[in-house]
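Student: One-letter residues, chain by chain:
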Amino acid sequence: MGCGAIRFGLSQGSFGNTVLIETPKGAMETIRLRVAGVFCAFLFVAGLACAAQPASAETKTPAAEVPALCVRAPALCSAEYQASGQGEASPVMGEVSTLEMPDGTVVADPEQASGQQQGQAGSGAQPSLEGLGFPKSEIQGSAREQALLNKRSHMLQIHQKLGLITAVPMAISLFTGPGAKGHHGLPGSPGGRNLHATLGGITTGLYIATAYYAIRAPKIQGTEPRGLIRLHRALAWVHGAGMIITPILGAIAYSQLSNGERIHGVARYHSIAAGTTFAAYMAALLSVSLK
Amino acid sequence: MTKKILAAFLFVLLPQLAWADSQWVLEHSTLAYHVSHPLHEANGVSHDAAKGKGLCHAGECNFLVAVPVKSFDSGNSNRDLHMLQVTLGAQFPLVVVRFTLPESELTAATVHADLEIQFAGQKAEYKQVAFQRVTKGGETEVTGTIPLQLSDFKIKPPELLGIAIKNEAPVKVDTTWRQE
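Residue numbers (the working numbering), protein chains in the order written: chain A, 1 to 291; chain B, 1001 to 1180.
Just chain A, with the same shape it has in the complex:
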């Protein structure tokens, strides 16, 4: 029982009056009064419809509609409804926010709907969200876009963790480099070479995994890179190229040293490539860690 029932009762009452006076006044007047009755009923319904704040179809809930109507026309609310203390609550049915479920369906926020009825007692006219003039696209949530953001963040968090882990063998590789090549251009011990080569291999593997999670993270349309993330990305081209060149040069150098040769040719640039790569990598790491 609520305002809807009262409204129905009043409409019936209008027609009821015409029926009562039909007998004494004659058919013509009855028709005229019927038209007047219909007109009044139309005005009544149209007035209420105009008074209600605009609401999208998905935000209309029976629970919210009753108090909205009662606030606009308190006299129309039943005594039972007003006695419950809800008669002065939630004035605008359009204010019920929506929750988008994981399956994409949109439902009214039950928490807010109840809050409107119970938590705002004593309030009068209230502005509605729809009345603020936001485009519908800005008001309506998207579970799909949220899932995309979640996936992106998840992958970038893995990228961040792997990136930090990769820095460890990379730094150790740099420190073990001199032990691999020996002194004065002479081949060092095979143990030192092998340790350096193993660390280089681990670094390369971890680096590829790190890069994978950055490259494969979903791109969000309409987002232009801004801030230090641009530097982070630019540096990726430097250490990315370095991580291709350095292992190749390292393999050549390893082969030369294993054959008892001094490092020569392009392999001489292995340490320079490694140093540059490490510097670019650390700069990229710091660019997103420090402001």
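Since the hints were derived computationally from the structure, they do not count as laboratory data.
Using C-beta positions, here's what the derived DEER-type ranges look like:
hint: 1; chain 1: B; residue 1: Lys-1154; chain 2: A; residue 2: Ala-279; range: 36 to 44 Å
hint: 2; chain 1: A; residue 1: Pro-218; chain 2: B; residue 2: Ala-1130; range: 37 to 45 Å
hint: 3; chain 1: A; residue 1: Thr-223; chain 2: B; residue 2: Ala-1164; range: 19 to 27 Å
hint: 4; chain 1: A; residue 1: Gly-201; chain 2: B; residue 2: Ala-1124; range: 49 to 57 Å
hint: 5; chain 1: B; residue 1: Glu-1125; chain 2: A; residue 2: Gly-201; range: 56 to 64 Å
hint: 6; chain 1: A; residue 1: Ala-241; chain 2: B; residue 2: Ala-1130; range: 51 to 59 Å
hint: 7; chain 1: A; residue 1: Ile-165; chain 2: B; residue 2: Lys-1154; range: 24 to 32 Å
hint: 8; chain 1: A; residue 1: Lys-219; chain 2: B; residue 2: Lys-1154; range: 22 to 30 Å
hint: 9; chain 1: B; residue 1: Lys-1156; chain 2: A; residue 2: Val-238; range: 31 to 39 Å
hint: 10; chain 1: B; residue 1: Leu-1039; chain 2: A; residue 2: Thr-198; range: 26 to 34 Å
hint: 11; chain 1: A; residue 1: Thr-198; chain 2: B; residue 2: Lys-1154; range: 40 to 48 Å
hint: 12; chain 1: B; residue 1: Gln-1122; chain 2: A; residue 2: Ile-165; range: 33 to 41 Å
hint: 13; chain 1: A; residue 1: Ile-158; chain 2: B; residue 2: His-1028; range: 35 to 43 Å
hint: 14; chain 1: A; residue 1: Ile-208; chain 2: B; residue 2: His-1112; range: 56 to 64 Å
If you want a taste of the chain A side facing chain B, the calculated C-beta under 7 Å gives, among others:
hint: 15; residue: Pro-127
hint: 16; residue: Gly-133
hint: 17; residue: Ser-142
hint: 18; residue: Thr-223
hint: 19; residue: Ser-289
A few chain B residues that don't get close to chain A, going by computed Cβ distances all over 10 Å:
hint: 20; residue: His-1034
hint: 21; residue: Glu-1105
hint: 22; residue: Val-1129
hint: 23; residue: Arg-1133
hint: 24; residue: Glu-1139
hint: 25; residue: Gly-1144
hint: 26; residue: Glu-1168
hint: 27; residue: Thr-1175
hint: 28; residue: Glu-1180
As the structure is a prediction and not an experimental result, all values here were calculated from the model.
For each residue, glycine too, the CB sits at the ideal point set by N, CA and C.
Chain B: place on chain A using the hints.
Tutor: Only chain B this time, still in chain A's reference frame:
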């Protein structure tokens, strides 16, 4: 009979005629959140993206302000997208603030409002938040800081290098309202 129809007509129309006494419209706004991390201090600013309205009736004014979550710009697109993710900004695109004030209080230099904030699919209340009010010409400037806490909205503080940001994320509010 005509009187009855007229009475019914007035009965329906009168409550609607006594609808709103006055209303306020948000003209300009600058909202800025601040987050702290041992390695970072970051501010995200939303400029003129918020929309708001206040309706006064029977000595009481109800205000509603909403701002798109994605309108906050911290100067780093990666951070902004991550903020959007942790605050469920794609699923719940708006931060909605509601508060009710007695109409008489609107002329005070300091206004204390009980804010009801909907954010990240959650609702939280902040009691007696102080705002400073200055009237310039036909416009009223309202400034203040909302002591927002991430845990109030069940937002897990984002981490960088394994260290989470602080739970406190105060939001500075600078708004200009016009009475209609």
